Structure formats: structure tokens, C-alpha cells
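Engineer: What follows is the residue order along each chain.
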Amino acid sequence: MTLDPLFTQRCIEALLFAAAEPLSVEDLAKRLPEGADVGAGLADLHARYAGQGIELAQVAGRWRFQTATDLAFLMTEEREEPRRLSKAAQETLAIIAYHQPVTRAEIEAVRGVQASRGTLDVLLELGLVRMRGRRRTPGRPVTFGTTDAFLEHYGLATLGDLPGIAEMRAAGLLALDLPPGFTVPDPMGLRAGEDEDPLEDGDEAPEFAQDFLGDLEGR
Amino acid sequence: MTLDPLFTQRCIEALLFAAAEPLSVEDLAKRLPEGADVGAGLADLHARYAGQGIELAQVAGRWRFQTATDLAFLMTEEREEPRRLSKAAQETLAIIAYHQPVTRAEIEAVRGVQASRGTLDVLLELGLVRMRGRRRTPGRPVTFGTTDAFLEHYGLATLGDLPGIAEMRAAGLLALDLPPGFTVPDPMGLRAGEDEDPLEDGDEAPEFAQDFLGDLEGR
Amino acid sequence: MSTGFQPTLDFEAAHAAAEDGAALVIDIDGYEGPLHVLLALARSQKVDLLQLSITRLAEQYLAFVQQARRVRFSLAADYLVMAAWLAYLKSRLLLPKPERPKAEEPPAEEMAAQLAFRLAKLDVMRKAVEALKERPILKRDVFMRGDPEAVKIVSSTRFEGDLYALMTAYITQRKREHGRHYAPRPPQAYPLEDARDRLRDLLPEMKDWTTLSGVAPVERWEEDPDGPSPASYLASTLSASLELVKEGILEARQMEHFSDIYLRTRAEPLEPII
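Residue numbers (the working numbering), protein chains in the order written: chain A, 1 to 219; chain B, 220 to 438; chain C, 439 to 712.
There could be a bad hint or two in this list.
[Claimed, not checked] Derived pair list, reagent style PhoX-like, types lysine-lysine, alpha-carbon separation capped at 25 angstroms: (1) K484(C) with K528(C); (2) K645(C) with K684(C); (3) K565(C) with K577(C); (4) K249(B) with K577(C); (5) K571(C) with K484(C); (6) K571(C) with K306(B).
Derived from the structure by calculation, the hints contain no laboratory data. Note that the structure is a prediction, hence the values are computed from the model and not measured.
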């Protein structure tokens with residue numbers, strides 16, 4: 001038995017509209033009468049809404065209705081003051097997004113600075129980043145990756161849709177293992193013996209350490 | 220100056236969609252670019268949505284989108300309990316994960332409150348937690364541990380991949396004022412074979428097993 | 439927010455200044471570390487980062503560090519380490535190659551290429567940050583339905599919670615556990631001395647047999663619930679009465695086990711039993 005495609009389309013429309021969060025094809029299929037072609041319904045719906053004030057978008061592998069991008073100027077009342085991420089946090093988020101799964105040490109290696117306290121925490125707390133597991137290397141460091149909330153926030157259907165990721169990968173710029181014998185000094189290594197909490201090691205250059213952190217965390 | 224009617228229609232569509240409550244014609248006019256014909260826009264929109272899964276409706280003189288009335292059957296079916304773990308369940312799960320194999324009494328000792336009946340049941344039902352065996356101590360209490368589904372959900376290859384004390388500190392979860400003896404147990408703990416019996420041999424303490432299971436199911 | 443410093447790292451300004459030829463940006467607060475400075479300087483060469491002139495970059499960086507030190511006497515070790523390494527690399531690049539290169543060190547050109555590669559890596563991440571900002575961001579550019587019908591469609595097998603939440607849940611409890619202290623209050627006893635003194639005062643009134651519970655000041659417990667318990671009043675009074683019996687000024691009797699104990703003042707005191 002096949003269902004009327006128009007009916008399927010209407011059902012999907014109503015479900016997506018009513019839902020508080022994006023729905024996956026499976027979520028939809030479960031709610032729809034048996035035999036409904038969800039994929040086709042979504043495609044029809046997508047076409048019907050193209051260019052309208054509301055659009056059908058795929059984020060994190062799920063579907064949602066959202067207002068058209070070009071109408072953002074109207075939404076002054078709905079706009080929420082976003083939590084402003086520090087430059088360090090933004091860069092860390094980008095590195096995690098493009099390199100995941102990635103360890104803290106690898107993030108630091110790309111940035112050339114030790115991750116300040118608060119940078120990763122903020123991302124974890126905001127739910128943009130999550131711990132994924134552990135790298136199977138000595139020390140078994142924890143790896144980080146992005147969450148569905150990250151994809152939803154930036155309106156990305158999948159991680160493959162990250163801007164420029166294909167080009168970066170092709171250019172080898174996303175490889176985490178640097179070429180063998182790479183020996184740019186690791187200035188952090190020099191301080192490894194000291195406490196990892198940089199707030200305490202003020203004895204070397206007190207004002208600077210202080211300033212530096214104030215700056216990094218001043219978000 | 221008159222605006223493109225299609226543009227007006229799109230603007231109204233987006234505004235009504237994103238608004239937290241129904242909007243009056245005045246509300247809309249205030250937020251639209253000057254010269255927009257709100258009445259005509261609403262009429263166009265109403266016509267466009269007629270017979271779709273979403274409809275434009277007027278309630279108490281204000282406008283809003285709503286799901287088509289004939290699709291209400293889809294909505295009622297959906298009122299399903301969201302599976303958000305309660306705080307108690309989340310906490311209990313965390314203790315079981317880190318301290319397994321662990322008895323109910325031990326869980327209560329860490330939490331400082333008596334485990335409510337439902338808490339463990341929910342975790343058992345979700346398949347995140349399982350009964351592992353019996354502790355070889357007086358009373359032979361049942362011990363709990365996590366399941367493969369638990370590992371899968373959290374993206375862990377093995378229990379050894381659970382973030383340890385170092386990661387907790389790195390994530391800023393551990394303050395410096397912790398007592399010196401503070402440790403986080405290794406969930407791979409090799410105690411398992413030593414003080415635990417497999418669950419199957421329930422014949423040694425039949426009444427207890429009986430009670431216990433009755434307890435679990437009697438809710 | 440620290441007001442004394444640039445709260446948002448102003449790379450645009452640094453970049454622009456670096457582009458004015460050899461102009462150096464002294465405000466090192468604008469940078470997070472040596473690599474970020476190097477990247478800003480490298481961009482001023484306006485070439486593909488992988489085609490960078492490392493010797494020129496090294497010179498620019500050394501000049502930067504020198505000026506920065508003039509402005510701010512103490513400069514973080516990272517900057518100095520990088521400066522020393524770049525000076526070394528530059529000299530190796532300029533010097534004629536030794537016939538037999540030292541085995542433990544890669545050729546200088548390779549090290550230079552690797553530095554360029556590393557800068558390129560940081561550069562693409564910088565660009566990625568900008569590209570992400572251009573995305574239609576939820577609640578800034580695009581909006582979900584303002585008033586969803588409160589129907590949350592979550593399949594029952596899916597539940598919320600990630601490792602961070604699990605860790606947080608665990609550690610909050612462990613912290614609570616450490617903050618929890620069990621401090622039992624030592625039980626208060628009715629002092630024997632007080633009981634004895636009180637009983638002596640009561641002696642004149644105890645010509646007739648009186649029950650022990652009638653004599654013990656049990657009712658005090660109601661006035662002062664934090665004080666000794668009724669049992670303690672009873673016990674101390676009994677002990678005191680036995681002492682007085684021993685002294686020969688009080689009589690006590692009990693008809694059978696667990697029945698009431700009666701006390702009476704002895705009309706004629708006996709010789710104390712020593």
C-alpha cells in the first residue's frame with residue numbers, strides 16, 4: 001500500500017512544525033503511517049518552501065524549519081544576545097571541529113600556546129564540544145569532538161559541510177601528525193616541571209603572566 | 220512607496236513563525252519595513268497555506284501558524300515521555316560507572332541519600348546498568364555495573380576510557396581544596412573476580428533474591 | 439573583563455600594521471603566543487605561507503621581540519625561546535652546508551618548511567573561525583519556531599547526557615561526600631554530684647516511701663531537650679540514692695525485678711557501711 005505523497009508531505013510539515021527540536025528521518029518515519037516515503041516527502045517539502053519566509057534545513061542529520069537567512073534583520077525581538085566566545089575559544093572550537101577527534105595536546109600544538117583554563121571548559125559547558133573517548137596512545141589522552149548542538153548552532157547538516165574542509169584536507173593541513181623530525185621548540189615543555197596551573201607560576205614574570213591570563217580569559 | 224507583495228508575505232511568514240505568541244496586524248506592521256501592506260500579505264499567506272500541513276489561523280484578532288486540525292492525530296501520539304535522565308539517575312549512573320561493581324548500599328553511601336526505587340530501575344530498564352553478581356560479603360548483596368549500551372552511548376571503547384581524575388581536573392571540575400586522599404577509582408578494577416560471585420547461583424540465598432527482585436519490580 | 443588590556447584580541451589591527459612594510463606591532467597583548475605573532479608577520483609577506491621566506495620572517499620576529507622587550511622588560515619565555523630558535527635556524531639557513539650533516543638534526547630547509555607548514559595550519563584555522571562566523575547562526579540569523587507546541591519528539595532509545603555531564607554528576611557527589619560530616623553530639627549526662635546534692639536537699643521531704651521516678655527530676659528534660667535524657671536523670675538519681683543508702687541516711691526497696699524502686703529517709707541514720 002502506498003500513501004498519498006501529498007498527505008505524507010503534510011504530515012511531515014505538521015510534525016516538523018510542532019516539534020521543539022530537529023527530527024531525524026527515523027523520528028518522522030516512526031510517527032507516520034506505515035508505508036510513508038519520508039525521503040520523498042522531505043524533498044517535496046524542501047522544494048515547496050524554497051525561497052519562502054520559512055525554509056526547511058538539515059542540521060546534524062536532522063530536519064527543522066527555520067526562518068530564511070535574508071530575513072534576519074526582522075528578528076530583532078527574537079535575537080538572543082549570544083554568549084561571546086573569546087578569540088581563543090573560537091580558535092579552539094575551530095580546531096576541534098576540523099580535526100576531531102583531537103586531544104588537548106594536539107590543540108595546543110596547532111595554536112602554539114597552552115590552552116588557558118576556561119577555554120575548553122566554556123566550550124564543554126556550552127555543549128558545543130564533548131569528550132569523545134581516549135586516544136590509543138601512551139597516556140591514553142582524552143579526545144574531543146563537536147556535538148550535535150554545534151552543528152545545529154552553525155546550521156551544518158554534517159561535519160563534512162564545514163566550510164573549506166575538503167580543500168584543507170586535500171592540502172594536508174588537517175593532518176595531526178607533523179612531519180617526522182619536526183622540532184620547533186615547545187616553549188611549554190620548558191615549564192612542564194612547574195604546576196600546570198599558570199596562575200601560580202608567577203615567579204618568572206609576574207606581571208606578564210598575570211596580564212596574559214587576564215587577556216585570554218577576558219571574555 | 221510600495222513593497223514587493225511577495226517580500227511582504229515572506230516577512231510576515233517568518234515573523235509569525237518565530238514569534239512566541241500570536242501577532243496582531245499592528246504588531247506585524249510595526250516590525251515590517253514601511254509601506255508594507257500587511258492585510259494583503261496575510262491574505263496571500265492564508266491562501267498559500269490553505270490545505271497544507273500548517274495553516275494560518277486567526278485567534279482573538281491575532282494571527283498565528285498552527286498545525287492542520289485534521290493532523291491532530293499525529294500530535295497526540297507524540298506526547299511521549301522524553302528520556303531525560305533525572306538528576307538522581309544521572310548521579311547514580313555516574314557512581315555505578317566509576318565504582319563498579321558496586322552495591323546499592325555503597326551507592327547510597329556516596330550519594331548520602333537512600334536510592335529511590337525508581338532510580339535504579341530506570342537505569343536497568345534503559346539497559347545502561349545491569350546486575351553483575353553478588354558481593355562475597357555477609358548478606359551477599361547484588362552488585363551493579365554498566366552495560367555495553369552504556370559504553371556505546373558515551374562513545375567509549377572500554378571502561379578504562381572513562382575520563383579520570385586528570386581530565387576532571389583539566390576540565391576545571393576539581394578544586395584545589397580537595398582532601399589529599401581524594402581518588403577516583405579505576406572502573407576496570409580487578410576486584411571483580413575476587414569478591415564477586417556470578418549472579419546465577421541464587422539458590423544460596425533464595426529469599427533475599429526473591430525480595431530483591433520483588434523490590435525492583437514492585438513499582 | 440580586564441579593562442587595561444584589549445579584551446578582544448585585535449588581530450585585524452596587528453595584521454594591518456604588519457602589512458605596512460616592516461612596521462612592527464609592539465602591543466604583544468594582542469597576541470596569544472609566538473606562533474600567533476609569526477603568523478601575523480608571515481601574512482605581511484603576501485605570499486603563499488608555504489613559500490615563505492623564513493630568513494626574512496626570522497628577522498622580523500627578532501626585531502619584534504627586541505622592540506617588545508624595550509617596551510616591556512619582562513617578556514614571556516615562550517617568545518624568547520622562539521627568538522633563540524629562529525636566530526639559530528636563520529644562521530643555519532645562511533651558512534654554507536657542512537659536508538656531513540649532523541645525524542641528529544634535520545636539514546635547515548626541512549625545519550623551515552615545517553615551520554611554514556605549521557603556520558599554514560594555524561592560518562587555515564583562523565580562516566575557519568571567520569568562515570564559521572559567516573554561517574547562518576541559530577538565533578542570530580535563523581530562528582526556530584518561537585512557540586513550539588511543547589511536543590518533544592524523542593525516541594525512547596535516545597536519551598540526553600554526555601561524558602562531561604557524567605563526570606560532573608560524579609564529581610559533584612564526591613565533593614558533597616567530602617563536605618559531609620557526621621558529628622554526633624556526645625550524650626549529656628545528669629552529673630552524679632548534682633543528683634546527690636539534690637537528693638540530700640529532698641531528704642526531709644521523703645519521710646514516706648517515694649518512687650524513684652517520682653524523685654528523679656525527669657520533667658527537666660521537657661524544659662531543656664538538649665540536656666540530659668530522662669534515662670540519664672533516672673540513672674544518676676538511682677546511683678546517688680545508692681550512695682546515700684550506703685551512707686546510712688536513706689532506705690531503698692524493690693518488691694520484684696523491674697518493679698518500681700521506693701526510697702525513704704531513714705528516721706535514725708545507721709552507721710555508714712564502709
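Engineer: The structure should be examined with respect to each hint, and the outcome stated for every one.
Structural biologist: Hints, verified against the model:
1. K484(C) with K528(C): 20 angstroms, holds
2. K645(C) with K684(C): 18 angstroms, holds
3. K565(C) with K577(C): 23 angstroms, holds
4. K249(B) with K577(C): Holds: K249(B) and K577(C) sit about 21 angstroms apart, inside 25 angstroms.
5. K571(C) with K484(C): 24 angstroms, holds
6. K571(C) with K306(B): The given pair, whose Cα atoms are some 35 angstroms apart, is violated under the 25 angstroms limit.
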